[in-house]
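Asker: Generate coordinates for the entire structure from the input sequences, incorporating the hints supplied.
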Amino acid sequence: MRHQVFGFETADEWRSRIHIDNRAALLEHLDGIPLGDYDHRIIDWLACWDVPTIAVVASLLRRAWWAGHGSACDAHRPGRPR
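Using my numbering, read the sequence shown as starting at 1 and increasing by one per residue.
Please keep in mind that the hints were generated in silico from the structure rather than gathered at the bench. All residues carry an ideal CB built from backbone N, CA and C; glycine is no exception. Check before you lean on any hint, since a few could be wrong.
[To be verified] Pair by pair, the computed Cβ-Cβ distance ranges are:
| # | residue 1 | residue 2 | range |
| --- | --- | --- | --- |
| 1 | His69 | Phe8 | 23 to 29 Å |
| 2 | Ala67 | Thr10 | 14 to 20 Å |
| 3 | Ala67 | Leu35 | 16 to 22 Å |
| 4 | Thr10 | Asp44 | 16 to 22 Å |
Answerer: Below you can see the structure in the form of structure tokens.
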């Protein structure tokens with residue numbers, strides 16, 4: 001299969017980079033939570049979805065994280081007026 005080049009990366013390199021970025025976005029607010037092999041498999045599966053879907057799932061994880069941390073982190077709460 002011939003590789004298409006977009007700028008300085010091939011389509012496969014671009015897909016790999018997006019997958020890594022998506023995975024990082026999903027894992028960002030799971031820090032400190034023990035994850036098993038199956039959890040990581042599901043995160044990898046989700047990371048293959050499109051960016052808008054990842055944004056929604058990452059936003060849900062973020063809001064759940066904030067809800068669980070309550071007022072201890074209110075100074076950094078999303079949507080807080082500046």
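Asker: Each hint needs a verdict: does it hold in this structure or not?
Answerer: Hint by hint, here is what the structure shows:
Taking 23 to 29 Å as the suggested C-beta distance range, the pair His69 and Phe8 does not conform, at roughly 40 Å. Between Ala67 and Thr10 the C-beta distance comes to about 41 Å, which lies outside the given range of 14 to 20 Å. Hint check: Ala67 to Leu35, Cβ distance near 19 Å, so the stated range 16 to 22 Å holds. Taken as a hint, the range 16 to 22 Å holds for the pair Thr10 and Asp44, whose Cβ atoms sit roughly 21 Å apart.
In this structure, the earlier hints numbered 1 and 2 are contradicted, and the remaining ones agree with it.
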